[in-house]
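Engineer: All chains should be built: construct the whole structure from the sequences, respecting the hints.
Protein chains: 4
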Amino acid sequence: MKYRVDINSDLGESFGAYTIGNDAQLMRHITSANIACGFHASDPTVMAQTIKLAKKHRVAVGAHPGYPDLAGFGRREMKLTSEEIENSVVYQTGALAGFAKTEGLALQHVKPHGALYNKAAEDEQTAKAIVNAVKSLDPNLIIFAPPNSVLAKTAADRKMRVAAEFFADRAYNPDQSLVSRAKPNAIFHDSKKILERTVKAVTEGVVETIDNKTIKLGKIHSICIHGDTPSAVKLVETLRKGLAKAKIEIKAVGTFI
Amino acid sequence: MKYRVDINSDLGESFGAYTIGNDAQLMRHITSANIACGFHASDPTVMAQTIKLAKKHRVAVGAHPGYPDLAGFGRREMKLTSEEIENSVVYQTGALAGFAKTEGLALQHVKPHGALYNKAAEDEQTAKAIVNAVKSLDPNLIIFAPPNSVLAKTAADRKMRVAAEFFADRAYNPDQSLVSRAKPNAIFHDSKKILERTVKAVTEGVVETIDNKTIKLGKIHSICIHGDTPSAVKLVETLRKGLAKAKIEIKAVGTFI
Amino acid sequence: MKYRVDINSDLGESFGAYTIGNDAQLMRHITSANIACGFHASDPTVMAQTIKLAKKHRVAVGAHPGYPDLAGFGRREMKLTSEEIENSVVYQTGALAGFAKTEGLALQHVKPHGALYNKAAEDEQTAKAIVNAVKSLDPNLIIFAPPNSVLAKTAADRKMRVAAEFFADRAYNPDQSLVSRAKPNAIFHDSKKILERTVKAVTEGVVETIDNKTIKLGKIHSICIHGDTPSAVKLVETLRKGLAKAKIEIKAVGTFI
Amino acid sequence: MKYRVDINSDLGESFGAYTIGNDAQLMRHITSANIACGFHASDPTVMAQTIKLAKKHRVAVGAHPGYPDLAGFGRREMKLTSEEIENSVVYQTGALAGFAKTEGLALQHVKPHGALYNKAAEDEQTAKAIVNAVKSLDPNLIIFAPPNSVLAKTAADRKMRVAAEFFADRAYNPDQSLVSRAKPNAIFHDSKKILERTVKAVTEGVVETIDNKTIKLGKIHSICIHGDTPSAVKLVETLRKGLAKAKIEIKAVGTFI
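Going down the list, the protein sequences come from chains A, B, C and D.
So for the first sequence, this note's numbering puts the first residue at 14; every next one is plus one.
So for the second sequence, this note's numbering puts the first residue at 14; every next one is plus one.
So for the third sequence, this note's numbering puts the first residue at 14; every next one is plus one.
So for the fourth sequence, this note's numbering puts the first residue at 14; every next one is plus one.
Don't read these hints as lab results, they were simulated from the structure.
In this text, all values refer to a predicted model and were calculated from it rather than measured experimentally.
Possibly wrong hints are sitting among the right ones.
To be verified - To give an idea of the chain C side of the interface with chain D (calculated C-beta under 8 angstroms), a few residues:
1) Pro57
2) Thr58
3) Lys114
Claimed, not checked - Simulated restraints, written as ranges between beta carbons of each label pair:
4) D:Tyr16 <-> C:Glu96: 56 to 62 angstroms
5) A:Ala195 <-> D:Glu221: 46 to 52 angstroms
6) A:Pro197 <-> D:Pro187: 31 to 37 angstroms
7) B:Ser190 <-> C:Glu137: 50 to 56 angstroms
Said to hold, decoys possible - Calculated pairs, DSSO-like style, for lysine-lysine (alpha carbon to alpha carbon, straight line, at most 30 angstroms):
8) A:Lys69 <-> B:Lys114
9) C:Lys114 <-> D:Lys172
10) C:Lys15 <-> C:Lys206
11) C:Lys166 <-> C:Lys141
12) B:Lys114 <-> A:Lys148
13) C:Lys196 <-> C:Lys172
14) C:Lys114 <-> D:Lys166
15) D:Lys141 <-> B:Lys65
16) D:Lys141 <-> C:Lys68
17) C:Lys258 <-> C:Lys213
18) C:Lys65 <-> D:Lys172
19) B:Lys114 <-> A:Lys172
20) C:Lys65 <-> D:Lys196
21) C:Lys166 <-> C:Lys69
22) A:Lys92 <-> D:Lys141
All C-beta atoms in this analysis are idealised placements derived from N, C-alpha and C, irrespective of residue type, glycine included.
Structural biologist: Shown next as structure tokens:
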């Protein structure tokens, strides 16, 4: 096969008595799991269970560190210092690595969550703090980032491997950023359309923007599926079949990057 | 030299704007640091700084996991399930191991904190959960415990190395438990007396109880110094000199256990 | 009508991105809402919304304070001092009273949550701390408690009004305590049976225990419906109809106690 | 006497085992206490104790609400929605009002803390959210704000009473903002100089800026003393004597605004 791509999803975001997501279903279909680490979501028992579930389905595991804000689910920007961001990422990634170790697994990647991901995509200070944390823990860890983002460039400059993500069901602005969920047409619901865009992104490295122009994203390594939508499981099934038909091999990014 | 002993202290218990303890001073005199992991005290930046300080002074580092209770400083018992205790210890120890790794260090030991330590000393379910966590992370980690306690026995049964602790400035009950701080004469303040008791504990494995009987503790591997008392630094200096004079070598427990 | 009874339910237990319960549905059918206050569940915005929802449906509002343990949903006992319990109840009740005030409402009652409720039912120190807190805030507040419990007696001794609760769908032990959910037959699912037991409790003050004996509960003021079960809405509809047919008037407890 | 002024300080910022500030000393000299409410600092027991201490010294009490960020002491800006800010202020102020009520006191004022105060001073959305919260709780509450700030104007527009604050030991920029603590000469240490500036601010409504120009602040109602500096107690003593000598009466702002 000529093309290969990874499918990732944010999982393990339940917390105590609170359940969120379709982890048990989604885990059957993805190749990389971004696992919450207790700062924006999750708790030690949810983390242990999510690592076990990933192991069962042979899904590669990565840390999904966020701002220390359970009440805001890590979606509210916080003005942390570089030192605080770096240490928060070490803490969360170290904690998840502990659970991986108890199951004989090693982490494949780190993907920042929510507001921290968005900030790192465009702010060099935040990106550097995250890359410093990840590299100092393990220089073999892959960093997930939007293609051509500040985070992607910062990680590459530090000789870290970067997995460029494509958001399968989200509309893109001309500057490669995602159209805000608050705006109309920000999210695609037609799975045929989503598949078509995904195949194009993976095979040609391009996407059609919200104003109908085609822009270059470059090489795409991983497709992000949001697990909190009710239709996520159905969508990922459609994607898997469509990608296979298009001769695109679906594998964990760590095996081919 | 015939006798060897470790000196340990609980450090890294500051939190955000809140400072506690005399870490910079104490770190010069101890051989093992029990470092708080963010559940009963500390935060990611304090953890990073404490690991760096320990490295500078070549002090062996260990995790000091507690109940998830910052407001209670881990001193209030919480009825967690075995699974919750085990996963809490994996989480906290994993997080600290991450900071150690960024400095090229490995953890030497795990010592539960406060109410979790007291519970594990006498409750088998709690002790098992802690030992399971530590062993599944790294079977070479040493577990600190009161001599002859349920925690010590449980760890030994699971073939883990156990460092038996002596509390230098605390009075003992006939059943080897510590006299409650709320009671009179629970704490020794005379450093000459404390030294004398310590030497006896290390060389003979005995201690005089609060009712003036001598009881057998058995082999002592480490002396615990409380860092939150103002006189802690002075006491540890006195102890070091006195132990040296008594031909007792002071070394990190991982080097001789 | 000869008999009157209140129907209460625990509501407002969502938290940030996490949703729990069927508040919008249940609020249409109950007369008293026990509203979580941010310690075991909820956050300021959920509290504001829940107060507004109660106002819309003219449901009487009360504070539902719990242990400070979001990760454990207040279901894990914590060894707090009397002073800590008292102050925790003042804090949580005061916070909810603030939201009530912004909507022109006043609190009707306080019902402790989960492990704190269970502890107060049998432990005098805990019961006293709660009653002290509630009385010092407002001696007109009603305290919800199991009939004949330590909490009920302690509140009555302090001249506070007590609403004795009947748990409609739970099996009772011969000592009036509830059969643990972990045991078989602890929960009734047959709504006809539940209604029959409820009518008997309200009109005769008795309940049949799990071993088929009839025990005296005494006067029942309120029926507790658990909102987190999927069938809660259906059950409360059945209960309302059945109680009406049995000539039992359903009113907020503050109107008739 | 012709001039009157209030002296306020941030108190009650200890948390669990962590102690901060000189509350017992400062409370003897100030007229208004801004009491932390558990989000950026404090806990229910510290709040209860601080209210009692204020009552003992007949100091007027106010809420000092902050961002929900204990680890950052409320000094890190967080992107909360208007609704979240409003509800956070209702929650915190309501909780403190509860403790005041148990001691027979009523709140005099609300002063936002740290990053929330700074944000409200210049951001209308934040200022509106805070004013909405305070007004909906009690339209008689006084709002503390920098003179001429967005918060001061927003509160005045809503017909709320505003206490304009002067920061006695801080250097001012030409635009009336405070010189960042990170810059040289940001803080005055000479108590004679501080007194002189304070008298001028109170009697003439002006201050000399860091570049030696005199700017108009307008009427000053309260002088803010930072309690976390070791010299705070000494400074407030000097200020009190000097203000008395200058015929400026020192009274809680609620008595004369």
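Engineer: Indicate, hint by hint, whether the structure satisfies it.
Structural biologist: Outcome of the hint check:
1. Pro57: Holds: closest Cβ of chain D sits about 4 angstroms from Pro57 of chain C, inside 8 angstroms.
2. Thr58: holds (5 angstroms)
3. Lys114: At 6 angstroms from the nearest chain D Cβ, Lys114 of chain C passes the 8 angstroms test, so the hint holds.
4. D:Tyr16 <-> C:Glu96: 56 to 62 angstroms: violated (42 angstroms)
5. A:Ala195 <-> D:Glu221: 46 to 52 angstroms: holds (47 angstroms)
6. A:Pro197 <-> D:Pro187: 31 to 37 angstroms: With a Cβ separation near 45 angstroms, Pro197 of chain A and Pro187 of chain D fall outside 31 to 37 angstroms, so the hint is violated.
7. B:Ser190 <-> C:Glu137: 50 to 56 angstroms: violated (27 angstroms)
8. A:Lys69 <-> B:Lys114: holds (28 angstroms)
9. C:Lys114 <-> D:Lys172: holds (19 angstroms)
10. C:Lys15 <-> C:Lys206: holds (22 angstroms)
11. C:Lys166 <-> C:Lys141: holds (10 angstroms)
12. B:Lys114 <-> A:Lys148: Holds. Lys114 of chain B to Lys148 of chain A sits at ~11 angstroms (cutoff 30 angstroms).
13. C:Lys196 <-> C:Lys172: violated (37 angstroms)
14. C:Lys114 <-> D:Lys166: holds (25 angstroms)
15. D:Lys141 <-> B:Lys65: violated (45 angstroms)
16. D:Lys141 <-> C:Lys68: holds (24 angstroms)
17. C:Lys258 <-> C:Lys213: holds (13 angstroms)
18. C:Lys65 <-> D:Lys172: holds (25 angstroms)
19. B:Lys114 <-> A:Lys172: holds (19 angstroms)
20. C:Lys65 <-> D:Lys196: Cα-Cα ~47 angstroms, so violated.
21. C:Lys166 <-> C:Lys69: violated (34 angstroms)
22. A:Lys92 <-> D:Lys141: Within the cut-off at roughly 22 angstroms; holds.
In this structure, the hints that do not hold are numbers 4, 6, 7, 13, 15, 20, 21, in rising order.
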